[in-house]
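Asker: Chain by chain, the residues run as shown.
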Amino acid sequence: MRSFTYERASTPAQAAASVSSRQGAKFIAGGTNLLDLMKLEIETPTHLVDVQDLGLDQIERTEDGGLRIGALVTNTALSAHDAVRNDYAVLTRAIAAGASGQLRNKATTAGNLLQRTRCPYFYDTDMPCNKRKAGTGCAAIGGFSRQLGVIGISEACIATYPGDMAVALRVLDAVVETVRPDGETRVIPIADFHRLWGDTPHIETALEPGELITGVTLPRPIGGQHFYQKVRDRRSYAFALVSVAAVIQSDGSGRVAFGGVAPKPWRVAEADALLPNGAKAVVERAFQGAKPTEDNKFKIPLAERALAGLIAQARS
Amino acid sequence: MEFNAPAGRNLFDDAKIVGKSTPRIDGPLKVTGTAPYAYERHDVADNQAYGYVIGSAIAKGRIRSMSLDDARRAPGVIAVVAATETDPVGTSDYNNAPLFGGREIAHYHQAIACVVAQTFEQARSAAMLIRTDYERDEGAFDLEAAAPDAPLASKAHKQGDFDAAFDAAPVKIDSRFHTADESHAMMEPHATIAAWEGPKLTLWTSNQMVNWAKESMGEILGIDAENVRVDSPYVGGGFGGKLFIRADAVMAALAARAAGRPVKVTLQRPLIPNNTTHRHATIQRIRIAASRDGHISAIAHENWSGNLNGTNGENATAQTPSLYAGPNRLIANYIATLDLPEGNAMRAPGEAPGHLALEVAMDELAEALEMDPIELRVRNEPDSAVPGRPGRKFSDRNLVRCLHEGAERFGWDKRSATPGAIREGRYLIGMGVAAGYRGAPTMASAARVRLQSDGRLIVETDMTDIGTGSYTIIAQTAAETMGIPLEKVSVELGDSLYPVAAGSGGQWGAASSTAGVYAACVNLRRAIGEKLGFDGDSATFGGGRIEAGGQSFAIGDAGELSADGEISFGEFKKEYNVASYAGHFAEVAVDIYTGETRIRRMLAVCDAGRILNPLSARSQVIGAMVMSAGAALMEELAVDPRFGFFVNHDLAGYEVPVHADIPHQEVVFLETLDPIVSPMKAKGVGELGICGPGAAVANAIYNATGIRVREYPLTLDKYLDHLPEIN
Numbered sequence: 003m004r005s006f007t008y009e010r011a012s013t014p015a016q017a018a019a020s021v022s023s024r025q026g027a028k029f030i031a032g033g034t035n036l037l038d039l040m041k042l043e044i045e046t047p048t049h050l051v052d053v054q055d056l057g058l059d060q061i062e063r064t065e066d067g068g069l070r071i072g073a074l075v076t077n078t079a080l081s082a083h084d085a086v087r088n089d090y091a092v093l094t095r096a097i098a099a100g101a102s103g104q105l106r107n108k109a110t111t112a113g114n115l116l117q118r119t120r121c122p123y124f125y126d127t128d129m130p131c132n133k134r135k136a137g138t139g140c141a142a143i144g145g146f147s148r149q150l151g152v153i154g155i156s157e158a159c160i161a162t163y164p165g166d167m168a169v170a171l172r173v174l175d176a177v178v179e180t181v182r183p184d185g186e187t188r189v190i191p192i193a194d195f196h197r198l199w200g201d202t203p204h205i206e207t208a209l210e211p212g213e214l215i216t217g218v219t220l221p222r223p224i225g226g227q228h229f230y231q232k233v234r235d236r237r238s239y240a241f242a243l244v245s246v247a248a249v250i251q252s253d254g255s256g257r258v259a260f261g262g263v264a265p266k267p268w269r270v271a272e273a274d275a276l277l278p279n280g281a282k283a284v285v286e287r288a289f290q291g292a293k294p295t296e297d298n299k300f301k302i303p304l305a306e307r308a309l310a311g312l313i314a315q316a317r318s
Numbered sequence: 137m138e139f140n141a142p143a144g145r146n147l148f149d150d151a152k153i154v155g156k157s158t159p160r161i162d163g164p165l166k167v168t169g170t171a172p173y174a175y176e177r178h179d180v181a182d183n184q185a186y187g188y189v190i191g192s193a194i195a196k197g198r199i200r201s202m203s204l205d206d207a208r209r210a211p212g213v214i215a216v217v218a219a220t221e222t223d224p225v226g227t228s229d230y231n232n233a234p235l236f237g238g239r240e241i242a243h244y245h246q247a248i249a250c251v252v253a254q255t256f257e258q259a260r261s262a263a264m265l266i267r268t269d270y271e272r273d274e275g276a277f278d279l280e281a282a283a284p285d286a287p288l289a290s291k292a293h294k295q296g297d298f299d300a301a302f303d304a305a306p307v308k309i310d311s312r313f314h315t316a317d318e319s320h321a322m323m324e325p326h327a328t329i330a331a332w333e334g335p336k337l338t339l340w341t342s343n344q345m346v347n348w349a350k351e352s353m354g355e356i357l358g359i360d361a362e363n364v365r366v367d368s369p370y371v372g373g374g375f376g377g378k379l380f381i382r383a384d385a386v387m388a389a390l391a392a393r394a395a396g397r398p399v400k401v402t403l404q405r406p407l408i409p410n411n412t413t414h415r416h417a418t419i420q421r422i423r424i425a426a427s428r429d430g431h432i433s434a435i436a437h438e439n440w441s442g443n444l445n446g447t448n449g450e451n452a453t454a455q456t457p458s459l460y461a462g463p464n465r466l467i468a469n470y471i472a473t474l475d476l477p478e479g480n481a482m483r484a485p486g487e488a489p490g491h492l493a494l495e496v497a498m499d500e501l502a503e504a505l506e507m508d509p510i511e512l513r514v515r516n517e518p519d520s521a522v523p524g525r526p527g528r529k530f531s532d533r534n535l536v537r538c539l540h541e542g543a544e545r546f547g548w549d550k551r552s553a554t555p556g557a558i559r560e561g562r563y564l565i566g567m568g569v570a571a572g573y574r575g576a577p578t579m580a581s582a583a584r585v586r587l588q589s590d591g592r593l594i595v596e597t598d599m600t601d602i603g604t605g606s607y608t609i610i611a612q613t614a615a616e617t618m619g620i621p622l623e624k625v626s627v628e629l630g631d632s633l634y635p636v637a638a639g640s641g642g643q644w645g646a647a648s649s650t651a652g653v654y655a656a657c658v659n660l661r662r663a664i665g666e667k668l669g670f671d672g673d674s675a676t677f678g679g680g681r682i683e684a685g686g687q688s689f690a691i692g693d694a695g696e697l698s699a700d701g702e703i704s705f706g707e708f709k710k711e712y713n714v715a716s717y718a719g720h721f722a723e724v725a726v727d728i729y730t731g732e733t734r735i736r737r738m739l740a741v742c743d744a745g746r747i748l749n750p751l752s753a754r755s756q757v758i759g760a761m762v763m764s765a766g767a768a769l770m771e772e773l774a775v776d777p778r779f780g781f782f783v784n785h786d787l788a789g790y791e792v793p794v795h796a797d798i799p800h801q802e803v804v805f806l807e808t809l810d811p812i813v814s815p816m817k818a819k820g821v822g823e824l825g826i827c828g829p830g831a832a833v834a835n836a837i838y839n840a841t842g843i844r845v846r847e848y849p850l851t852l853d854k855y856l857d858h859l860p861e862i863n
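Protein chains in written order, with the working numbering: chain A, 3 to 318; chain B, 137 to 863.
Honestly, the hints are just simulated from the structure, not real lab data.
Incorrect hints may appear among the rest.
Computed list of lysine-lysine pairs in BS3-like fashion (alpha-carbon distance at most 27 Å, straight line) [said to hold, decoys possible]:
no.: 1; chain 1: B; residue 1: K152; chain 2: B; residue 2: K166
no.: 2; chain 1: B; residue 1: K291; chain 2: A; residue 2: K293
no.: 3; chain 1: B; residue 1: K529; chain 2: B; residue 2: K550
no.: 4; chain 1: A; residue 1: K282; chain 2: B; residue 2: K152
no.: 5; chain 1: B; residue 1: K854; chain 2: A; residue 2: K299
no.: 6; chain 1: B; residue 1: K291; chain 2: B; residue 2: K709
no.: 7; chain 1: A; residue 1: K28; chain 2: A; residue 2: K41
no.: 8; chain 1: A; residue 1: K282; chain 2: A; residue 2: K108
no.: 9; chain 1: B; residue 1: K336; chain 2: B; residue 2: K529
Please read all numbers here as calculations on a predicted model, not as lab measurements.
Isolated chain B, as found in the complex (with noise of 0.2 Å):
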């Protein structure tokens, strides 16, 4: 199915199924805990063999020797797969850092052996015996200090001049912010089950690309990627971190070639924050002028992020083309080279740490104009395109209705538009606002459908549910389709034998997924119509029959059937700017004793077109407003420039938030629907929650204190100077 037009009104206009809050169907799995996880697939391969992965001791450098004598000999170990012995293995174009082999490090905890053995512990200890010898060089580490000789990441983009409305504006803001390296800290660690048959590597792994993935190792172990099967029905979280194939899925390949027999690697949780990826830190500068009664004449979104090669940054500018009006603008992404670990998405890469500052900015030219920060945004909502470019209309845009709703809602009128005027107690209260804005791309996506003799569905296909709800989504828009009831359609995810689908990453998954599966259905409807003699487009599904030209069927009638469909998107969104919008809103309580910030309450007003399942967009949405609360507050792997890694390697030194933290959160969705993106109407919510309330959070305590911090996390360390003098 080519998705060439706007869609039209269609079955999801009258839906019974899709958009109703529904539990996930795969709940009793995940809360008995017999969903089963990568490492947990005991039963997909006998003999299997528990591998343990060693991660290097230096940043930039080489092995000049490993001793592997003792570790060989050590009770039940099987193999030993050392940098030393073995060809360093291919890249891919998904990752940037060698993932193993050779005796070249470019970062701290490369992979540079894997231990085979009986058990888990004998593993461990084995691993334990081996001496490596470096050659240590100098690297780069310090973001700061690279940044100044930056090249750009790509071409800047000027519109009109920028300096001279800037110079002339009569009110100006010009600030620097600076956002954290930050860890996923998924729940599961990567792992996988890797086994050979013959030239066939089959992986049980946990990936959000399953298609990806299949690929990318044919490239990096030099296989027909047709040999490679990638099987990922359950993931424990992922957030970007499990886009790509990292060491696990490598050495356990090569560990089970080693060993003759399957083998089962997990990355060690103090490995994750420097052998795979993270999200980059950055140096914003922002400047923004206006005129006295609030319409933004120039701005400028200058960004700075560092990586391996200097190459695929942090780029922060994601938003600021789009969400804003104003004729005069600049926006530059610099890549500095540096030698820390690989850098890579992270939910809402870009627009992630660009809204923590972007959205700080404009809470500070609102003061500077004196003027409510929502009036502010208000005033400067683009007109039907985005700025500077007509030919890219906004598809459907209610960012106005979300800041307006969550006011009212939240109780916005009751802030103090004076920083540090309400007191509680030994507590400084104060509320921010931020907007959010990301992206609501879509991919192709296929699926099969399989109708059974008994009325039952089956679907197949490679999509991932990464703990967002995907089986339930796709459940219901199954279901929706073929006119049956939830409960006949059984799902089947994350297998490349089946057909690929958009997986799950960039909150693309759930508008392209569904709309992928529909397609399917409605070749299905039009296979079980030739083969029952109706037309399975304007035949009625529902309630388990089929009424078409006065006829009357059990779906069931027309026996085993299947079909495959894919949705493809067609060139007419190229006129297209389609994204998804919310107004983010926090209360804070600063201690004025210690200043210790609590958030109170927050809130996500979110437009983001037709809801599938209220209750799972709910979910997402608040887990990211509790991780943008974790970037505004906490998170930061800490860089050690004389070392080059990142200290804070497990999840005691690496704090995110836990409930305590977090209190109140309320999410509301705007009923939206976006006829550009899909036939679903629907857009992604899992990057749109990460987008603002950060922001919002870093603008409460600026209001509840008065003190404006620019250096994320805004730990107490940063302002306790600057509160209220105590006796």
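In isolation and in its complexed conformation, chain A is listed as follows (with noise of 0.2 Å):
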């Protein structure tokens, strides 16, 4: 770990303004991912904007039937939230199939945002890897890829967003809140918020540099049953092989987002509009040009199947 200078900041604007003044500094909330990483010295902040007080720990109803969930609401509290467990089922089963309790306690709405991927490439830093360090090259591909996307991806990064629930956000077309350094407030949809890698995987997000999240905001509740499949090799603690989220109504209808397979939470929405017609409809769509590895090429048909297994749970 490089020494780093640290700073609480008091409003969200000024977090803003002194991140996107230093260069090298980054915000920090829970830490649950950014402190593991400058341990090992792939992340080297030289500055620490501490978000904690900036009270956007509040979980609200929207004018217009929505809720909006404050950038720094721990997972846990997000997913035990009341008006989140009966409208948003989908959320709090995909936080609650992710992490340990422990880290739940600490990660954050927009912390967990940002989790960075879990390739073992990129976490060894005696191995090339583009998002690490741009232009070194990617040790992932033609390497042990069992994990890694099949879709989404690109000649510099074949890596995943792991996290579980940005998934759920996805089927429920969240909206990313920011700040930005000058003070100005944006709206990001959260189909735009995570970027696929191109040849620039180091950049993983649609914030520029400074900006801030300040919270995410949920359209009001869609109804229908709401599924979160995480599929794995362990039963807790692990990064999913496969995830889906989907949301079903009673007419067959619905929406679908699937998580370990790309460098976002994945939704193709000609893919949805296929889900009366049966998973295999919908997988393949979804899946459409499709670059698995040998390794990996298991994730689509398990894609599949997971999917399977839900419509047939809806219809039950």
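Two independent chains are provided; combine them into the complex using the hints.
Answerer: Below you can see the structure in the form of structure tokens.
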């Protein structure tokens, strides 16, 4: 870990201004991912701006009947919130499927969106990695890729976004709210929040330098049955091989997003429309153009089978 | 005390303390976090500095240069010990990989430097400033590719005419299995504090075998082993990974010399899979032929593994000579030279992966015979001696009882003989069985017992407690023999200043070390008798008193007295095959949609002679069952054959079972006694428990799904496309 300086910000705009004014500065909230990466010197911030005093820890109804989740609401608080459990159960289920109780107590809504990949080559600083150090190459391509991406990946990087919460936010059409260093706010649809890697896999989100997430808004509830299935090699405390977030209406229509397969929660509108036709149709469309490796090609039939199980459950 | 003949009736046959479930006497220290583990021994030496070990970034080749100046100038840095500036250390018989020194690199994450600083953070930060330039060599990293040319590891065992018998048999199977490289993944990483005082070196460390550690440190550093003291009273799990000195101890010793003050070193978790040892992957081919009534006529077990220098493989055939009858046999182990990190002992080396193959092959044979797999095993129970070796009798062997009692308790009669026949909702349900066999070796073991004038007793031995419960069974043995309450006994372990015990490994520790304590106590009884004027052997020790020749003494009447004793084991044992046995059962549910396997129940019925402490023995067995379930379902160090290393080298990437994976485990110990083992008539259980459960899980998956996967771990991607069609 490199030495760094540290401050606690008192307003979102001040935090954003502080990070943008210093080369190599970063925000820190729960720190569940950033501190690990700093110990390995995968992240080497020169200055940390702690945002935990910003008060962004409320969950409130919006005027149009949706829900606004403060950036600092913990995973535990969010998953346990009555309105979330009642109206957005896919989100409760997704969060509960991730990490451990201790981590969920500390992890925040904004931080979880920014969780970095679990590609093992990203974690081994002796290995080339375009995401860790632009232009060094990708050791994962041609290597051990069982956990890695099958779609939306690039010649530069085949890593995945590893989280669960964001997959549920994707089927809920959440919107990310931010403040920029100049004090301006903006909203970013979750669909546009995570970037595909392209040839710049070190740039992972639509956030600009110094831009701070202040909250996440959910549109009004959409009803339906909510599912989150996380398929993994062990029953807890493991990243998804494939996860499926789905909201299925009584007429068989609905929405579906997949985790563990791409640089972002993977949802394709045309695939959603095929839900009444069954899992095979949905997955064929959603994974059109997929480029799996020999190690991870099982993820596509697995996604289909997992979704089929949810559809069957919804019908029963 | 020489153990030269089978044990007759002795005081343990009327025991009041030995054999009773007894909470760990070290439990309060453990649960309050006050048991001092190696890295936490802040009080043993003043002025401790922190060392941080750097591992090689290449698997094979050599270091061209290292830039050390930035690290040396970094804040808080006291010393840098680097491979380019240090003569290679020696090797001992106990390690295969070079532990440090010189420019030659034999495996990924081989230690190449240690940075010493005032704080851990300073050491780590400075270590990352070191830049190393390597010349990379090609290496051999692929066992499958190397196996065809691998030479025999030892002479093949042949009996009868396997080929002819196999060809002639009406029913046969021929299967090939893969087991994975596995990491010990113990909770406590390897850690050592080293301090020099003139020529004398003290290591406060975490090691299973204190005397081996002392001797090999002498060889590695080229110093007199008598100048080395090793202290390892608490070990946070070892599983064979701490049988030998590793880089933490070597680097701490070199760094302490360079820094001129005590240095503590722990191997950071990402170093452990590649810097230390692991269980080697295997390829196994098993052929078994039988008559139509299920009697095995021919059995061949061939095994391939690989290691550095082409030595010391994972000999997965270890159980096969003794487990089943059959006149025609072929057993062979082949060893390839690989440039992966060092493969070495991990809990039941050989047998653990051997059972994953052999016990599935038996399941396949049972199916080919249309016979219940328990019945097949019963029909092939050997006679009273190892097949083909009439001079090697089984000591006390109750495998058939284990299987029958297990079947009864588990509800085996509810198993469908037809695979894929039982479905509950979205789950396919299956049951599996496997036999378990693990040798029960003993090793000479010594102890000292010191009687205090208040009647308390202190036991001192360099035996270790690696989480198994040694403290408690040693206290039980001493209390029983001296006739005093358990609370009057305190136990000091793990210090090389104490008499040399068997140590913890190969499941020999419990049986051997307690026998050594018994030997010391017998000597103490005699010494008390001499002092007070009676015959210690015929006196009765009980309730803190001694009754001898009509006289009665309090045990403290003798005042302070000390006695050493050692158990050693005579030649007569060679006439016997001494082993422990188990029947392992598992029930699984396989998700018909996703293929995820969830274990529903596990049962082990164990035959291991006298169980010294059923409470901690049960803990050992359930832990081993968990580890075996891990081997069956998820544990694998993934080899990258381009770079020659284990890629998933942390506990996020190397998955071991969590609580949610292991719902219900039951352990039953048969009430048996084995007089051939030791005066205690007890055998170890710590490795027995990992021999078989994984195969029972694999067989249960087959019973649930009708899909036979022979490549471990049995992750869902290996059978997803064979699961029933879904719509």
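Asker: Please go over all the hints and tell whether each is borne out by the structure.
Answerer: So, going through the hints one by one against the coordinates:
| no. | hint | in the structure |
| --- | --- | --- |
| 1 | K152/B x K166/B | 26 Å, holds |
| 2 | K291/B x K293/A | 48 Å, violated |
| 3 | K529/B x K550/B | 36 Å, violated |
| 4 | K282/A x K152/B | 67 Å, violated |
| 5 | K854/B x K299/A | 11 Å, holds |
| 6 | K291/B x K709/B | 23 Å, holds |
| 7 | K28/A x K41/A | 15 Å, holds |
| 8 | K282/A x K108/A | 38 Å, violated |
| 9 | K336/B x K529/B | 48 Å, violated |
In summary, the numbered hints that this structure violates are 2, 3, 4, 8, 9.
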